[in-house]
Amino acid sequence: MSVRLREALREAAADVPAYPVHDRAVRTARRTRRRMAAGVAAVLLLVALVPLVGRGGGPGPGPAPAGADGPALPDRIGLPVFGALHATDRPRLGRASVIFSGQARGLTGLLDENGTIGIVGADTDRYRTYEVGYEAPVGESVLLSPDGRRIAVPGGSSGHPRVDLVDLVDGVVRHLPSVVPGSALTEPAGWAPDGTSLVVRDTVPANPEGGAHLNVLSLVRLDSGRAVRLLEAEQLPIFGSPVAFSPDGSRLAWRIGDKVLIAGTDGQRISSFPLSPDTGLAGKGAWLPDGSLALVGRDPGTDRWRLRRADPATGRDLGALELPAVTGVTTIRLLGWRPDGSALVVAYRPEPAAPARFDEPMEMDQRTTYGLVRSVAVLALVPGAAAPTTVLTAPEQVLAIDVADNVVHSGRIRDADPPWGVGGRFWWWAGSVALLLLGGLLARRVVTRARGVRG
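Residue numbering for the sequence shown follows this note's numbering, beginning at 1 and increasing consecutively.
Read the hints as simulated data drawn from the structure, not as lab findings. A hint or two may mislead.
Stated by the list, open to error - If you anchor each label on the Cβ, the simulated ranges turn out as follows:
{"no.": "1", "residue 1": "Gly411", "residue 2": "His160", "range": "39 to 45 Å"}
{"no.": "2", "residue 1": "Ala184", "residue 2": "Gly264", "range": "16 to 22 Å"}
{"no.": "3", "residue 1": "Asn207", "residue 2": "Asp299", "range": "41 to 47 Å"}
{"no.": "4", "residue 1": "Gly257", "residue 2": "Asn207", "range": "19 to 25 Å"}
{"no.": "5", "residue 1": "Asp194", "residue 2": "Gly411", "range": "38 to 44 Å"}
{"no.": "6", "residue 1": "Asp69", "residue 2": "Asp194", "range": "19 to 25 Å"}
{"no.": "7", "residue 1": "Asp75", "residue 2": "Lys259", "range": "53 to 59 Å"}
We put the beta carbon where it would ideally sit given N, CA and C, even for glycine.
All chains should be built: construct the whole structure from the sequences, respecting the hints.
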C-alpha cells in the first residue's frame, strides 16, 4: 500500500464520528425495562378491569343498586358461565331474586356432583355460584331468605354439623352449629317471614350402631342462638318439609309423615290433621291471606295437580281454589301469593326416561328427586284463568328453584338477559397465568444476560 493511500484512509477514518457503544447499550436496556414494566402494568390492568366489565362477570364494582321498581322475577334464567364469580367474591352480588340447582353444566363438578348453587341478582342479571359439596336441592335443603340477602346451606361434617348462612351483601359466611347434641346432619327447613329465625332439621343416631335415627325440628333465633324444640320423632321419609310460616310469623305448619302439624313459635302444639294419599302441604307459601292452609293434591288417575283450601284447626277440606290446574308435571310447590291474588308455583317437568309413572300414587318427597325431573318452571295461577301462565323458564337439568318472598310478593317480572361467555374468575386465572409466563420470560432474560456478561 502506498504512503499516499495510507494517509487518505487515515484521514477518512478520522472524519467518521465515534459510535457511542456504552450510551446506546444503556438506552436500550432502559427501553427494554420500560416495555417490560408497561407489559406487566397492562396485564395487571386487564386482570383488574375485565371481570368488572365482562358480560359474564357483572357490570359494576359493587352490589347493583335497587332499580326504580325494586326486586323482580327474571322471566328466564341461564346457567353459570365458566369461571363465574362465587357468592363471597368481590364485587359482591347484593340481594338475590332466585337460586337454583340441578345437574346442568355449571351446577356439577368435573367428575361428580358437587352441589353448586346458581344465584341471580335481585334486579339485574348478575350471577354468582356457591358450592355445597354434595347434591342439595334448593327449596328443600338450601333456602333463600325472604329478603333475598342470605342463603341457608347445610355445612360442616357428620361430627360437627352446622348450617352456613351466606350473606350476599357483605360476603360473610356465618356458621350456625347444630343445637341438638349428637346430631349427624343439620339442614335448614324454613325461614321466618322477618328473617330473624330459622327452622332447622336434625338427624340424630338413636343407637351407637347408627341403625336407627331420630328427627328433631327446632326454631333457632339468629340473634341469640336460642332454640325452641318443635318436635322430636323417629325418622320418617317426610319430616319438616316443607315448613310454612303464617304471614305474621306467629304460627308455622309442617309435614311429618302423612300428617300436617301446626304450632306456635313457642313450640306449643295448636293442631294436627291427616293427609290423604298424593296430598301434601303446598309449600312455604301454604298460608292463605284468610288464615286457611293451601294443600296440593293430584286428581286420581291423572297427572293434574290443584291447590285446595283446608281448615288449619281440623284439616277439613274447604274445596279447590279458583285457580287453574297444572298438568303434565310430577308435582307443584307453592312459593307464595302475589298482590293480584295469583299463586306462584314451581312446576316439576318429568324426565321422559324415568321408570316411574306420575299418574299413580307416589310418595311426595320422591316426586322432586333429581332422577325423575327433567326441568322446572315457575307458573302463575291466576284466579279464573283457564290455564297457568309461565313466568320463568329454566334450561333443562335445572331441577330445583327457590324465589325470595319479597320478589313473589312484589308481583314484578322483568325481561332477563342471562350472562354468556366467561366469568370473572376465568380472567383472574388467565391473568395469573399471563403474569407467570411474563415473570418466566423476564427471569430467563436476566439469566441469559448474566451469562453473557460472565462470558
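Taking the earlier hints as the rules, which of them does this structure contradict? The structure breaks hints 2, 5, 7; every other hint is satisfied.
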